[in-house]
Every structure is written in structure tokens, then in C-alpha cells.
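Engineer: Listed here are the chains, written in short residue letters.
4 protein chains.
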Amino acid sequence: MDIKHYQQKIDSFVKDRNWDKFHSPKNLTMALSGEVGELSDILQWLTEEESMKENLNEKILSLVKEELADIFIYLIRIADKLDINIEEEVKNKIKLNEEKYPIHLSKNNATKYNRR
Amino acid sequence: MDIKHYQQKIDSFVKDRNWDKFHSPKNLTMALSGEVGELSDILQWLTEEESMKENLNEKILSLVKEELADIFIYLIRIADKLDINIEEEVKNKIKLNEEKYPIHLSKNNATKYNRR
Amino acid sequence: MDIKHYQQKIDSFVKDRNWDKFHSPKNLTMALSGEVGELSDILQWLTEEESMKENLNEKILSLVKEELADIFIYLIRIADKLDINIEEEVKNKIKLNEEKYPIHLSKNNATKYNRR
Amino acid sequence: MDIKHYQQKIDSFVKDRNWDKFHSPKNLTMALSGEVGELSDILQWLTEEESMKENLNEKILSLVKEELADIFIYLIRIADKLDINIEEEVKNKIKLNEEKYPIHLSKNNATKYNRR
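Residue numbers (our numbering), protein chains in the order written: chain A, 1 to 116; chain B, 1 to 116; chain C, 1 to 116; chain D, 1 to 116.
For the record, the hints were derived by calculation from the structure and aren't laboratory data. By construction, the Cβ of each residue, glycine as well, lies at the ideal position given by its N, Cα and C atoms. It is possible that some hints are incorrect.
In silico BS3-like links for lysine-lysine, alpha-carbon gap of 25 Å or less [stated by the list, open to error]:
| hint | chain 1 | residue 1 | chain 2 | residue 2 |
| --- | --- | --- | --- | --- |
| 1 | A | 15 | B | 53 |
| 2 | D | 93 | D | 4 |
| 3 | A | 93 | B | 59 |
| 4 | C | 81 | D | 93 |
| 5 | D | 21 | C | 9 |
From chain D, some residues computed to sit far from chain C (all C-beta separations above 10 Å) [claimed, not checked]:
| hint | residue |
| --- | --- |
| 6 | 59 |
| 7 | 66 |
| 8 | 92 |
| 9 | 93 |
| 10 | 109 |
Coverage of chain B stretches by chain D, computed from C-beta distances (three or more under 8 Å per stretch; other residues unrestricted) [stated by the list, open to error]:
| hint | stretch |
| --- | --- |
| 11 | 1 to 9 |
| 12 | 92 to 103 |
Kindly generate the complete structure, drawing on both the sequences and the hints.
Structural biologist: Okay, here's the thing in C-alpha cells:
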């Protein structure tokens, strides 16, 4: 996936509407909260079981797809506005997680490392 | 960015720790809310101006980077668990947004299409 | 509970630290998102069953208590900054919910009224 | 405000619709996230200035009122399901905040005590 390509598409979309003044990282973070809130709202009354691929009905799945796209769009938009290379950061974070959660301490136990 | 590659790395990480039982889409959505909450927390007392690239100090920027990575990781993890092709959905959503927010109605005005 | 009394205590606390400039309703909403994110984080890997009163361990319960207090504090602070009478609004909302979710349509079914 | 009274009204509302099975603290936390997300969504593109009492237009204010009520309702519902005395916790938290943020260290500076 060419993230840069989508960041440019979003940037054009925003500039065409003269919305750039709204897109501070602070405001975009609020927009991201809004979208994650919608995802929560969709899944809130389902059991874990019901939220799984094999059980999710088409209607709900299609709502979830749209929310994931919205979240993704705001996320790469924030990265773009702050010149953050998201792939680089994901790589670093996965490495960091491997150090923070060594297998022998973490097996079967998802307790946050600072609450262990 | 090869999203599939990172999804597989995350999947191995999770399987190695026997955490797969925790990773229902419902639970992952709560984890995503938690991470977006941390991003909000980092930016909450900054002005919009202060949240911008040219003004954000190194310490805060580095916290933001880590949060964006966390959010990205949970986001593609949910997509993976639900067999959702995130690029496909982003493409669709950008197209949909162009229809919902035509330039002549949206110029200078970020009012949600259903509140217009 | 004398909400006004706590709003005044919070207001003094804020004024004593010269924090009032940070407390726009917008910023307080981000702070509220941060606190709700922490609550999500605490419960994210628990099953529904495990999140219930009879199963929640003391350590987690005490974390939850602190988060509920934080959420409450920011909530009544927003109401205070916007001169909103929260009790009035709660009363109205309960009445509205009774109209939106009549028993015969809603029994056993928590589908949002606009998705019914 | 007689919180117990509203908790009982909510409890009757829920029982009448046989929704109690949905109301685990975990699920209610997701519902709370959804409502806080809606509040973010309402204020996301406003400046701090615009979000203030003297500038907020009637339409937006009335949306905010409804969200604050929703948040309050889910908050006291969670407290009810976990037998948490919310007033007690608010009192404790205000006291704790006074210790964590002494005036001489906190004046003009809203940096979180653990990032100071």
C-alpha cells in the first residue's frame, strides 16, 4: 500500500474544500476519537464471540469496514501533517513490544508491562 | 508499505505469547480506544497552533509517534481478524467522501453532510 | 450529591493553578476522551463475565474507581463551563429514551433506534 | 442530585427491555466511549474560542447537552453495576489531585505529574 499516495489524495481533497485550516493535529485527533467511538458503538452490545469474523453479519461487517477506513484516513492524515513516517514507527514499536513483553513473562498473560 | 507483512509479524507476536484468545475484534476495539485516548491525553492542553509540526517539541513528537504506531498496529490487527482489505476500504471511502462532500457545498465548511 | 459544590471545588483547584486558560470545553472533551481511554485500557482484555462486580479483583476495581472519578470530574467541569444543568439534561434524556425505545419494539433488542 | 434515584430509573428502564444481559461493565465502557466519541465529533472542528459558552451556537449547545446526559447516564450505570459510590470516589480524587499537583509545582503548567 502506497501510504504517501493516499496522503496526497486526502491532501488534495482537503485543499479543494479549503478545509486545511481545520486540520491541526489536535483537531484531527478529536476526529479520530470520534471515529473510534463509532466503531465502539457498533460493537458495544455484541459478545466477543459475535464480534468474530465467522459470526459477524454482513450489515455490521460493512459498518465496521467503513469505520476502519475512516480511522485509517485520519491516522495517516495526522502522520502527514506531522511528517511522521508511519511504517518506520510501526517497525520500531513492534521491536519495542518484543523487548517489553518477553515471551517467558508474557505467555498467557496480557498484563501491561508497567502493571506486571 | 506491505500491510500483510506487518499483520503477519503481529500475528506471530500474539501467537508466541498465547494472546490470541484476547484478540477478538471487540477487545481490539477497546484497545484501540485506549491508544486514541493516550493520543488525546498528549495533545489535550496544547493549542491547535502548538500541536503543529513546526511547534511541537521533540519530547511530545516522540510520544505522538509511539501512539500513532500503536493505533496503526491495532487497526491493521482488527482488519486482519475480520479479513478486511484495508486499502480497498480506504479507496472506497475516499470515493464516497467525494460524493458526500461536493466541493460547491463543502468549500470552507466542514459541517457533516447529515447536519448540513 | 451536590454537583454545584464539586464544580466549585474543581473551579478553585483550577484557578489556584492558573489552569483556567487550558479549560476550554474543547480541551476538556479531549481530557475526557483520555480518561475514558484509560477505562477501556483497564477492561479491554477481560471477558464480560470478568468485568462484573462479583469477579473483578480488588486491584482492578480500585483502578476503575479512580477512572470513574476522573470521568465524572471532567464531565461536570464541561457542564460548568457551558452553564449546563446536568440533572435537567439527564431527566430529559431518560424521558427521550423512553420514547425512542418503546418496550414492545425494544424488548431483548438493543439495536439503536435509527438502525432498527 | 439524587444519583441513586437516577440509577434506579435507569435500572428499571433496562429491566423493562430485558437489556440487562447487555450491561456488563465492559460493554457499558464501550457505550461510554461511543458517547464521548460523539462529543468529540461535535466539537472537533471548532476552535477553543468557538467551543466556549459565549460563542457556542444554540444548535451545537443542544447537541452537547444531549451528549453530556448520555455520558452521565452510562457513567452512573457503570458505578451502579460495580457498587461504586461515585461521590465518595470524586471526593477522594479531588483530594489526591491536590497532593499530586501542589500549587507551587503546577502553577501555569498542566504537565501531568508523571511527566513533570
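Engineer: All hints are to be evaluated individually against the structure, with a verdict given for each.
Structural biologist: Hint check:
1. 15(A) / 53(B): 18 Å, holds
2. 93(D) / 4(D): 20 Å, holds
3. 93(A) / 59(B): 17 Å, holds
4. 81(C) / 93(D): Holds, because 20 Å separates the two Cα atoms, which is no more than 25 Å.
5. 21(D) / 9(C): Distance of about 38 Å is beyond 25 Å: violated.
6. 59: 14 Å, holds
7. 66: Not fine: 6 Å to the nearest Cβ puts residue 66(D) too close to chain C.
8. 92: 7 Å, violated
9. 93: Answer for residue 93(D): violated, closest chain C Cβ roughly 4 Å.
10. 109: 8 Å, violated
11. 1 to 9: Since 0 is below three, the answer is violated.
12. 92 to 103: violated (count 0)
Violated hints, in rising order: 5, 7, 8, 9, 10, 11, 12; the structure is consistent with all others.
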